[in-house]
Amino acid sequence: MAVKLVLSGIGKDFLIPVIDTVSFSVEAGEFVCLLGPNGCGKTTLLRIIGGIEPATRGTVLLDGKLVVADQRHDRPVGMVFQEDRLLPWMSLRDNVALVLKPLGRPLAERRAIANRYLGVVGLRGFEDYYPGRVSGGMRQRAAIARALAIEPDVLLMDEPFASLDAQNRRIMQNEVRRIWRETGRTILFVTHSIEEAVAIGTHLIMLSARPARIREAIRNDGRVERAKLIDDLNAMIMEEVERQQGGASL
Amino acid sequence: MTRRDWATRLHLPTLGAVLVILVVWSLLSWRYGAYVLPSPGAVLRGFAGILKSGEIWGHTGASLYRIVVGFGCAVGVAILMGLAAFVSRAARGVVHDFLAVLNSTSVFVWIVISIIWFGLSNWAPIFTTFMITLPVVGSNIVEGVQNVDRRLLEMGDVYRLNGRQKFVAIVIPFTLSYLVAGMKVGFGLALKVSVVAEIFGVTSGIGYIMNYSREILETQMVFVWALVMILVMMVTDKLVFDTLSRRLARWR
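Protein chains in written order, with numbering that gives the first Met the number 0: chain A, 0 to 249; chain B, 0 to 251.
Just to be clear, a hint being listed does not mean it is correct.
[Stated by the list, open to error] Short, incomplete list of chain A residues facing chain B, as computed with Cβ under 10 Å:
hint : residue
1    : M78
2    : F80
3    : L85
4    : P87
5    : D93
6    : L99
7    : K100
8    : R104
9    : L106
10   : G135
11   : M137
12   : R145
13   : L155
Quick caveat, the hints were computed from the structure, so don't treat them as lab data. Glycine included, each C-beta is placed from N, C-alpha and C at the ideal position.
Working from the sequences, and respecting the hints, build out all of it.
Below is the structure:
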């Protein structure tokens with residue numbers, strides 16, 4: 000399989016070092032879940048990959064091309080944030096159609112694509128609704144439709160279900176898993192829920208306490224029994240949480 | 000609908016208060032004479048008179064014309080200021096400081112200066128209206144631009160919208176409610192200020208005719224034109240700005 004994404008020696012300092020060094024590569028079609036204690040830099044890492052934020056050290060290669068923050072280039076990356084970040088004054092259809100504008104598609108085509116992807120995430124019939132008139136789960140689906148509509152090679156998802164209740168969360172996990180199977184996209188998925196990661200990811204990357212390094216990279220291919228994997232990861236994350244808190248009190 | 004709803008709808012308590020005021024007004028008028036305080040009846044007859052003669056439209060139209068031109072230019076310039084504030088951080092600081100200075104300048108300064116610059120013409124009240132409403136509308140727009148949700152702009156960056164696309168899709172819709180709020184306040188101010196400017200130098204408009212009525216000792220007409228002003232204010236507020244706000248809030 001082709002290598003899609005390569006991170007080499009990525010590090011990030013704000014006032015303190017947040018990410019120490021993180022290197023890994025992702026092959027096309029993998030579903031990678033990034034795990035780690037809260038505040039360890041998972042979101043920052045995703046933002047660096049998405050080119051929203053520059054790294055202090057290291058490089059990100061997407062399809063062999065360097066990702067440079069704040070620079071306009073054709074990086075086929077879709078992003079789903081923790082919040083839906085839909086424009087409240089546009090219908091769901093217009094929200095999705097908007098991000099197709101930079102791709103230079105004519106209006107009719109943009110609308111057609113938007114309708115299609117809203118259908119993919121199960122929002123057929125809600126195309127004309129404003130975000131304020133649908134539920135949180137539906138808004139998050141629309142945000143996913145928006146990310147899919149640009150047909151990105153890589154889909155970055157930053158705790159996209161954090162604001163959903165348990166039931167909607169379960170439904171959305173299945174949806175994302177299904178969309179991943181059907182579209183064959185490469186997905187990087189940040190979550191703090193181990194159960195979620197084990198349920199949906201093909202690869203799991205556990206980051207350490209801040210400043211982040213890779214604590215463990217695991218292939219989630221069912222060779223280890225699921226319950227045991229969850230127990231191991233839970234033990235790991237508790238160690239890291241303790242280390243991070245110990246560090247903070249120094 | 001209950002009886003209570005009807006009572007509030009018709010502003011019954013307010014009408015009651017108005018009735019009391021009318022009675023007191025009549026008594027005071029009777030006590031002090033029509034020059035100081037004309038009776039409610041005289042004011043009403045005066046109002047009917049200018050309606051019948053059509054005089055009301057000429058002066059109201061002249062005032063509205065000046066307000067619309069002065070205020071319209073102020074809105075246009077304010078929008079340009081908002082655009083500058085969005086594009087550059089340095090420009091935002093400059094605009095902010097200028098608006099602060101304009102905000103602290105008295106109406107009278109502009110009236111006097113505009114008479115010096117434009118003489119006795121239409122442009123004096125127009126200029127005064129412009130200078131007074133600009134800081135009100137401008138501050139509102141700049142505040143709106145400043146408050147645009149950064150997370151939405153970041154979303155625009157992620158999906159590689161260019162500056163113009165972000166401005167049209169995110170900044171303008173976000174700022175519109177601030178603009179309408181600023182325009183509502185600004186228009187009220189424009190009406191109040193332009194009639195003051197009309198006292199000097201022009202021979203039409205509500206401000207002029209009020210001052211003229213005072214000079215020829217027709218105090219009841221001063222009251223009549225004040226009434227016209229209030230009506231113009233209330234009608235534009237209801238017809239123009241309420242409709243605008245409702246249109247904008249469609250998605251809420």
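For which of the previously enumerated hints does the structure constitute a violation, in increasing order of number? When the structure is compared with the hints, numbers 8, 9, 10 and 11 turn out to be violated.
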